[in-house]
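S.K.: Read off the chains here:
Number of protein chains: 4
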Amino acid sequence: MTDTTKTWPHHELGRKVSNWGRWGPDDEIGTLNYVTDAKRVAAAQLVRSGRAFDLGLPFDKDGPFKDGGFRVNPQHIMTLLPSDTNTPDNLISADDMVVMGLQAATQWDSLAHIGYDGFFYNNVPAAAVNSFVGAARNSFAKSVKNLITRGVLLDIAALKGVDRLESSYEITAQDLSDAEERQGVRVESGDVLLLRTGWVAWFHEGDRKNFLGKEPGPGLDAVPWLHTREIAALATDNHACEVMPSAVEGVGVPFHQVVIRDMGLLVGEMFDFEELATDCAQDGVWEFLFNGTGLKVTGSVGSPITPIALK
Amino acid sequence: MTDTTKTWPHHELGRKVSNWGRWGPDDEIGTLNYVTDAKRVAAAQLVRSGRAFDLGLPFDKDGPFKDGGFRVNPQHIMTLLPSDTNTPDNLISADDMVVMGLQAATQWDSLAHIGYDGFFYNNVPAAAVNSFVGAARNSFAKSVKNLITRGVLLDIAALKGVDRLESSYEITAQDLSDAEERQGVRVESGDVLLLRTGWVAWFHEGDRKNFLGKEPGPGLDAVPWLHTREIAALATDNHACEVMPSAVEGVGVPFHQVVIRDMGLLVGEMFDFEELATDCAQDGVWEFLFNGTGLKVTGSVGSPITPIALK
Amino acid sequence: MTDTTKTWPHHELGRKVSNWGRWGPDDEIGTLNYVTDAKRVAAAQLVRSGRAFDLGLPFDKDGPFKDGGFRVNPQHIMTLLPSDTNTPDNLISADDMVVMGLQAATQWDSLAHIGYDGFFYNNVPAAAVNSFVGAARNSFAKSVKNLITRGVLLDIAALKGVDRLESSYEITAQDLSDAEERQGVRVESGDVLLLRTGWVAWFHEGDRKNFLGKEPGPGLDAVPWLHTREIAALATDNHACEVMPSAVEGVGVPFHQVVIRDMGLLVGEMFDFEELATDCAQDGVWEFLFNGTGLKVTGSVGSPITPIALK
Amino acid sequence: MTDTTKTWPHHELGRKVSNWGRWGPDDEIGTLNYVTDAKRVAAAQLVRSGRAFDLGLPFDKDGPFKDGGFRVNPQHIMTLLPSDTNTPDNLISADDMVVMGLQAATQWDSLAHIGYDGFFYNNVPAAAVNSFVGAARNSFAKSVKNLITRGVLLDIAALKGVDRLESSYEITAQDLSDAEERQGVRVESGDVLLLRTGWVAWFHEGDRKNFLGKEPGPGLDAVPWLHTREIAALATDNHACEVMPSAVEGVGVPFHQVVIRDMGLLVGEMFDFEELATDCAQDGVWEFLFNGTGLKVTGSVGSPITPIALK
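Residue numbers (this note's numbering), protein chains in the order written: chain A, 749 to 1059; chain B, 749 to 1059; chain C, 749 to 1059; chain D, 749 to 1059.
Any given hint might turn out to be false.
Which copy? The list can't say, so a pair holds if one copy fits it or any two copies do.
[Stated by the list, open to error] With a straight-line Cα cutoff of 30 Å, these simulated DSSO-like cross-link-like pairs (lysine-lysine) come out:
hint, residue 1, residue 2
1, K893, K814
2, K890, K957
3, K764, K893
4, K814, K957
5, K962, K890
6, K764, K890
7, K962, K809
8, K809, K754
9, K764, K962
10, K908, K754
11, K754, K787
12, K754, K962
13, K814, K962
14, K809, K890
15, K957, K809
16, K787, K764
I should point out that these hints are in silico values taken from the structure, not numbers from a laboratory.
With the hints as constraints, model all of the structure from the sequences given.
M.R.: Structure below.
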């Protein structure tokens, strides 16, 4: 089914922005290498008022996924109830478990999530991701220490003067520069860049069909900009951090292919920037300490997170 | 089975250190209220070198639990493999899921985990924790914003001149004060207090039986000290943050009962302080920015975490 | 919340049809005791043409349950794919798992599923069903050997001249006798009685809302009839084998309470009798060898099944 | 890694006993086609005393698998406890779920479980088994109607005069014929053939290491015999129905490859014949009605079962 004679434009772009080998042949965290010790010190200095903002959606059975689809919402199950205990001193106790996709609700895509032509980021062959060990390389588990850094929010919806971007709107490099200028902030090396599309409102309104539908997102045009700025990770408030349908005929996720596989960029999805964006618009401060550590699940391809911004 | 005529010493102690009502009748986060905006600002200032320390155990099937017990190790399962994709542009993709106890490996006990006499923290009745909604009150999900604060590590094993404390050793108030003096640090309101027992070495040595066995931990004697100092949360590097067996004849977890149910204190278990303790011993700095957000699972009683300390 | 002064009519009925103690104080299988060796021999003789009828719904994510409800549809997950294997002789292999409620789709309710006043069938206290061991008594696991016996299908929908019974229709003792007479068959000791309501058509039509809605089913009036006839188990083709809403004001499942807890009768739900009923109507034979063994899950309260009728 | 120049002896054997196309190009149940209506009628006649024998191991966390391996034991979890209910009439209720491999404990391997050279039984390509739909072809779900038929037990351990066969003993065609002669029974078209090795005793003795170790089983020599006799399915009382290690150097499961992929034969594993064998030795009757329906899980590769023999 693969047309090996065809040259795909996104794969050509991928070669131009490739970071393969940049941090050595064994590197598994890609652009998270931009998060240096000095970067962390500077990021911590951004905590000025001490206010905390929760950027995560809850994990539960009322999550974003619909009945019968490939991904399902988290199932939270009690495994011990107060009635199970019977001790002389009247102890009561409770325990619980969860059955969940690691990309259910707010989450990171690791560098083992998307590739093409048989390889993931940094020359990792497809077979390194298998049922026996999960992601033997590029696992999310390797990334946990570098996900606390400076965060910058660019409000693309506000730039365009709307509450939420329209369906299938493609965010361009120009949009990113315009948002910087409008907000008076500059994206720098080692930042986690947060792009607000306003799309998460569909979820809050209970409209899963639209939330999972033809969403706006960053397109291939934005890739060189993201590469040059040396961002550490990218996250959006919609379900896939990708224009849907994509501008490349017949190809579902060209942006993912290039940024995850070639650049080695972690991609965050289903974040919620509504409260944070309101605050930033009020005080004019669009930078903060971003905390998005996630879970160190061995061999994991993705990670659920509850990210917190501290201003 | 309950002896209602008997007065339990730990329940009497509980009344003395109770925080019920202190932050209002609807409060669900207890001592995390000590984490104020000002506290967060001060905590962020502690990031001086930018070094990051991972304080978590990995989540996988080789975790701390043993075959056939009540709790089981996390099961990580691939739900999409590179071979599943077949597109013209040669995309490969992977997805995964996890089936896990929310208290598997490194984790927080929420204020819905332990109670007695029919109530959890702040007058929440046992029936508020049920199979329909999980923890309708005191859920861990309420706590996520307040788990980034100053952390202080007290190395009790080093205080006692050993690599790991002996079985069933009870950490006292005097030990805590002695460790402060020895290290030149003071535990303050709003801190997350980390107690190193060295016990996690059993896990690293592959000895689950001892790791889950008669562990050292804080006893009832330490409770008033913890209460007075107004710590926000407490965590240890063993499996239960409790002396085992406890000093109260026939009672399994008296410390948990008092600090979680009466004080409203989050308790962390199965942390790993080995690398951090070595570093702190070298530079003499035992305070840092502690990040232990966890996951916002609706109705959850506990939360897996990968805590990170930034110095 | 319990009104202890009130005498409930279904509980009074329960006392009249009680089988507690009938098969000894340790009995855990209730009316399945009617399935004797002689009964099995006679039942096997009913296989005359050798045709097999599958009476089960499939177990999958497109099952009867809806998004966000208490019960969820089965999740079938591949845990090994052909691409995972790489041996000199080119082996390919696949493995899979399931996460499912034991009462997802076609299933048996065991005698540990429903009780009242603190007890399950045969004086088993509520606490015998707990998180540590599941159902310490009355588990479905005890029943597996007695679920192959004579089956008799009574087509109540056909009796009433409709494709499916109307919402909330209550099947009475008279209906059962009338159906016997119409079909020329008699329900006997040790039979599994199958009642066709036609309701499963809602599921086949993809209308989960109606399938899970106000269904027809056997009412309290039918209980003495079922008791006298000494049936071994009862199953229907709707989701709960109960008139919904029930005829007892404010009480959800009075029929379940009496037949499961007092009589000790296994109840089957979400069976599919469409193909079998058509065949029986054609040849006038409404009896067959019924095979509904289920799974021997230790401590289980229910069991998924794929029942097969052999004529 | 594949040596394409090499001709494998088991693959040559596979071509000789191949049933591909025998029941048409769309057939998905292979030798289960031998279970005809007439066969079912004859099998039912074998029920003479009405005694039932449970041939299954329980499904629970104390099952055959060991900590940290690829397959894990079933996890049974209560999802509703008596304490969760609070109605005026004092209802109590319980519900539960299971997380389990479909090949945990007693189970069938379907025709989508094992193949080679890129194909499963009847020319089904490897890609037909994927994460999206499970087994799109050859799923176990197709087989449920044909798993009630005549069963014949051949006691190979008794033939060899031992309680359990020695490690790695290979059962030959001669052994099968000798056992027939010794027992006075003949395996016929459409039978489920049960081979007793006595190996299950390791499991009953709590020795999982030996149970999962170098087991005895049928070898390639027996394949033509099984093919000629037209058995419908084959099951053993050890963990893999295969000599371990196999007689083919460097190849793990040559017997599985040939019988499942080429013959289209369902293979059952981890059955328990101890009680049945004792009974058969006493009355000299080694044939019975075998019931091994399993669960109709859509797209499933295997199925847990609790098989029942009726004599």
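S.K.: Tell me, please, which holds for K814 and K957 at an alpha-carbon limit of 30 Å: within, between, both or neither?
M.R.: Cα proximity of K814 and K957: in one copy and across copies (8 Å, 16 Å).
S.K.: How would you label the pair K809, K890 (within, between, both, or neither) given a Cα cut-off of 30 Å?
M.R.: Both: 29 Å inside a copy, 17 Å across copies.
S.K.: Please sort K754 with K787 into within, between, both or neither, judging by C-alpha distance up to 30 Å.
M.R.: neither (42 Å within a copy, 57 Å between copies)
S.K.: Could you place K957 and K809 in one of the four classes (within, between, both, neither) given a Cα distance threshold of 30 Å?
M.R.: both (16 Å within a copy, 18 Å between copies)
S.K.: Can you give me the call for K962 and K890, within, between, both or neither, at a CA distance of at most 30 Å?
M.R.: Answer is neither; intra-copy 32 Å and inter-copy 33 Å both fail.
S.K.: Could you place K764 and K893 in one of the four classes (within, between, both, neither) given a Cα distance threshold of 30 Å?
M.R.: within (28 Å within a copy, 40 Å between copies)
S.K.: Check K764 against K890 for me: Cα-Cα at most 30 Å, and say if that holds within a copy, between copies, both or neither.
M.R.: within (26 Å within a copy, 45 Å between copies)
S.K.: Check K754 against K962 for me: Cα-Cα at most 30 Å, and say if that holds within a copy, between copies, both or neither.
M.R.: within (27 Å within a copy, 51 Å between copies)
S.K.: Which holds for K890 with K957 at a C-alpha limit of 30 Å: within a copy, between copies, both or neither?
M.R.: Between copies only: 28 Å across chains, 34 Å inside a chain, cut-off 30 Å.
S.K.: For K908 vs K754, is the C-alpha pair at or below 30 Å within one copy, between two copies, both, or neither?
M.R.: neither (36 Å within a copy, 65 Å between copies)
S.K.: Since the copies are identical, ignore which copy is meant and state whether K809 and K754 lie within 30 Å (CA to CA) inside a copy, between copies, both or neither.
M.R.: neither (43 Å within a copy, 38 Å between copies)
S.K.: Checking K893 and K814: alpha-carbon separation at most 30 Å within a copy, between copies, both or neither?
M.R.: between (33 Å within a copy, 28 Å between copies)
Checked against the numbered hints given earlier, the structure breaks hints 5, 8, 10 and 11 and satisfies all the rest.
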